[in-house]
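S.K.: Required output: the full structure, derived from the provided sequences and hints.
Here is what each chain is made of, one letter per residue.
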Amino acid sequence: MSHSAFYLLVAGFLLFSLLLGLARIYLGPEPASRLLVAQLFGTTTAAVLVLLAEAMSLPGLRDVALLFTLLAAVLGVAFVRLSSPGRETPP
Amino acid sequence: MTWLEFGFPWLTTAIAWTLIILGALFFMAGSVGLLRFPDVLTRLHALTKADNLGLGLICLGLAWQAGFTPVAFKLLLIWLLALLSSSVSCHLVARYVLHAAAREQRRD
Chain A
7 MSHSAFYLLV
17 AGFLLFSLLL
27 GLARIYLGPE
37 PASRLLVAQL
47 FGTTTAAVLV
57 LLAEAMSLPG
67 LRDVALLFTL
77 LAAVLGVAFV
87 RLSSPGRETP
97 P
Chain B
342 MTWLEFGFPW
352 LTTAIAWTLI
362 ILGALFFMAG
372 SVGLLRFPDV
382 LTRLHALTKA
392 DNLGLGLICL
402 GLAWQAGFTP
412 VAFKLLLIWL
422 LALLSSSVSC
432 HLVARYVLHA
442 AAREQRRD
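Which chain is which? The protein sequence lines are A and B, in order. Counting the first sequence from 1 gives a position; the working numbering is that position plus 6. Counting the second sequence from 1 gives a position; the working numbering is that position plus 341.
Read the hints as simulated data drawn from the structure, not as lab findings. Hints are supplied without guarantee of correctness; some may be wrong.
Stated by the list, open to error - Estimated spans, in silico, between C-beta atoms of each pair:
1) A:V70 / B:K390: 21 to 31 angstroms
2) B:H386 / A:L21: 19 to 29 angstroms
3) B:L366 / A:L73: 25 to 35 angstroms
4) A:L25 / B:T410: 12 to 22 angstroms
5) B:T410 / A:P35: 12 to 22 angstroms
6) A:E36 / B:S428: 36 to 46 angstroms
7) B:W351 / A:M62: 15 to 25 angstroms
Think of the CB as a built atom: it goes at the ideal place given N, C-alpha and C, for glycine as much as any other residue.
M.R.: This is how it looks when you write it as structure tokens:
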């Protein structure tokens with residue numbers, strides 16, 4: 007098996023595992039669980055992008071992976087900040 | 342083309358592929374844990390494993406394959422950023438969940 011075929015195979019496997027996580031978004035009773043799936047999406051997407059950058063020799067995708075990790079952090083902070091009930095308005 | 346390539350060309354690939362497969366298994370374990378665990382805090386536990394170890398092992402495998410190059414350095418940077426952001430946001434989510442539970446208790 008060539009290297010790029012292997013990387014593509016692993017990327018497909020990761021996408022399949024994301025598909026499993028989608029079920030938790032549908033089921034998840036509280037918003038925090040759904041947020042956790044979003045975090046998982048961010049990290050898994052970064053892994054898929056890193057693999058694809060190697061498989062398709064597109065080095066720019068590594069920068070996209072960096073951006074995805076950064077956005078996942080912003081998402082977590084925004085969720086906690088915006089959805090705390092009974093909290094005074096921020097200064 | 343790492344230093345190990347000298348004499349054992351297949352060994353570099355074998356080590357890199359083993360690391361990548363281990364990382365993919367951690368991602369799968371994280372998804373299954375997110376699906377199966379009963380409440381938010383235990384799901385958080387499953388998620389952090391996927392975040393830290395899954396991405397870390399995949400980046401390590403790719404960096405091993407790339408050898409001592411800027412690409413390997415960038416892959417390690419991606420992993421470090423993911424470590425930082427996932428620990429911060431998971432801490433925030435855990436604190437949020439605990440505070441919400443305390444609020445519920447006070448209301449009862």
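S.K.: For each hint, tell me whether it holds in the structure or not.
M.R.: Do the hints match the structure? See the list:
For the pair V70 (chain A) and K390 (chain B), the beta carbons lie near 24 angstroms from each other, so the given range of 21 to 31 angstroms is met. In this structure the hint that H386 (chain B) and L21 (chain A) lie 19 to 29 angstroms apart at CB holds, the actual value being about 23 angstroms. At about 26 angstroms, the beta-carbon gap between L366 (chain B) and L73 (chain A) stays in the expected band of 25 to 35 angstroms. Our hint of 12 to 22 angstroms for L25 (chain A) and T410 (chain B) is violated, since their Cβ atoms are close to 34 angstroms apart.
A beta carbon spacing of about 47 angstroms between T410 (chain B) and P35 (chain A) contradicts the range 12 to 22 angstroms that was offered as a hint. A C-beta distance of roughly 22 angstroms is found between E36 (chain A) and S428 (chain B), which places it outside the suggested range of 36 to 46 angstroms. At roughly 24 angstroms, the beta-carbon separation of W351 (chain B) and M62 (chain A) lies within the given 15 to 25 angstroms, and the hint holds.
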